[in-house]
Amino acid sequence: MTIKVFIATTCLALNAIASGAQTQKQVKTAFPLSGDGKWDYITAWNQYLFVSHGTFVHVLDQRSGRELTQIKGLSGVHGIAIDARNQKGYISNGKMNNVVVFDLKKFEVLSTIATEQNPDFITFDPFSQTILAGNGKSNSISIIDAATMSIKGTLALDGKPEAIVSDFAGKVYVNLEDKNAIAIIDIQKQQQEGIIDISATGEEPAGLAIDRAHHLAFAGCGNEQLLIVDLDKKKVMDHIKIGAGCDAVAYNTKTRTIYASNGKDGTLSVITGDAALHFSTVQTLKTEPGAKTLALDEATDKLYLPVARRSEKKGADGKPVFDPGSFKVLVVE
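Counting with mature numbering (1 follows the signal peptide of the UniProt record, and there is no 0), you get residues -21 to -1, 1 to 312 for the letters of the sequence shown.
If you are wondering where the hints come from, they were derived from the structure by calculation, not from laboratory data. We put the CB at the ideal spot given by N, CA and C, even for glycine. Some hints here could point you the wrong way.
[Claimed, not checked] Dumping the calculated DSBU-like pairs for lysine-lysine here, alpha-carbon to alpha-carbon at most 35 Å:
1. K307 with K213
2. K51 with K307
3. K214 with K4
4. K293 with K220
5. K292 with K116
6. K4 with K213
7. K158 with K213
[Claimed, not checked] Ranges between beta-carbon positions, derived for each pair:
8. Q66 with K17: 26 to 32 Å
9. D40 with P303: 20 to 26 Å
10. G132 with D296: 34 to 40 Å
11. R42 with N65: 23 to 29 Å
12. Q167 with T91: 25 to 31 Å
13. A254 with D82: 41 to 47 Å
14. Q5 with V300: 25 to 31 Å
15. R64 with R42: 39 to 45 Å
16. T2 with D157: 21 to 27 Å
17. K265 with Q170: 41 to 47 Å
Let the sequences and hints guide you as you build the complete structure.
This is the structure in structure tokens:
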């Protein structure tokens, strides 16, 4: 009997490993931060965390949560992109309609680059050596040359851009939130060459991640659906229920795990794929209401979610407000 139990247990363990199963995630700690402004995206890079927060960016030690410095003089900060090769960071400064360039060693501001209206999501594309800033009020992408830190071109889109991902081979994919579609960009031609219509299953796509090896995209949508999109076939292959208010999606290629941060209901959806890339939800972790964005350190599989404590009161516009002095970054392991 003991031998049979041992064999059965061993088989179950091996099956779990083969299917990409993992231990349950937990909110392990939180890094408290100063300031009471609005927040948006967070970026993890090289043991640093860059946290957008209204008029500045917090720079933290990723391991301890200690604040190293703040990049100030900003307004309506949205995202932070990293160009490791040239040791520069780029901040989308939404209310000022520009992108701020800073040095990754001393975290000092180097220059400011004018964009179109309300630069929001921002990312670095190593294939074209450009920084791509999606302009939310202009339906365009500002393309910044990494070598010269200047505008290389402006790419018109069919709708409002949200998250942007690159396949690192010449194609860029952009969520068009108001069109229920994903735009396909030829980055060398600087042109939108088509769209992937997701309207049958997805509405208002915001978060987006990519599996470059298998040509899949993962779109987090406003109708509480996570879409699995085949980029070669240009079609939605599957959709999975997630929480409300997803604004960011991350994918760990090593564990075949998708993470979706859902700000309205304060949850993190954990979705894992098997060897055949069939995905299913393995956990819905309670975070906090307002934790709408995330950053993933793929090496450690840790996640970081900025949030402040939601007040019982509402603002004059009826929208949620947050308690002063409560801003922090949740650490999920």
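Structure-based check of each hint:
no.: 1; hint: K307 with K213; result: violated (39 Å)
no.: 2; hint: K51 with K307; result: holds (18 Å)
no.: 3; hint: K214 with K4; result: holds (31 Å)
no.: 4; hint: K293 with K220; result: holds (28 Å)
no.: 5; hint: K292 with K116; result: holds (30 Å)
no.: 6; hint: K4 with K213; result: holds (32 Å)
no.: 7; hint: K158 with K213; result: holds (16 Å)
no.: 8; hint: Q66 with K17: 26 to 32 Å; result: holds (29 Å)
no.: 9; hint: D40 with P303: 20 to 26 Å; result: holds (25 Å)
no.: 10; hint: G132 with D296: 34 to 40 Å; result: holds (37 Å)
no.: 11; hint: R42 with N65: 23 to 29 Å; result: holds (25 Å)
no.: 12; hint: Q167 with T91: 25 to 31 Å; result: holds (27 Å)
no.: 13; hint: A254 with D82: 41 to 47 Å; result: holds (43 Å)
no.: 14; hint: Q5 with V300: 25 to 31 Å; result: holds (28 Å)
no.: 15; hint: R64 with R42: 39 to 45 Å; result: violated (24 Å)
no.: 16; hint: T2 with D157: 21 to 27 Å; result: violated (39 Å)
no.: 17; hint: K265 with Q170: 41 to 47 Å; result: holds (43 Å)
Violation of the numbered hints given earlier is confined to hints 1, 15 and 16; the remaining hints are satisfied by the structure.
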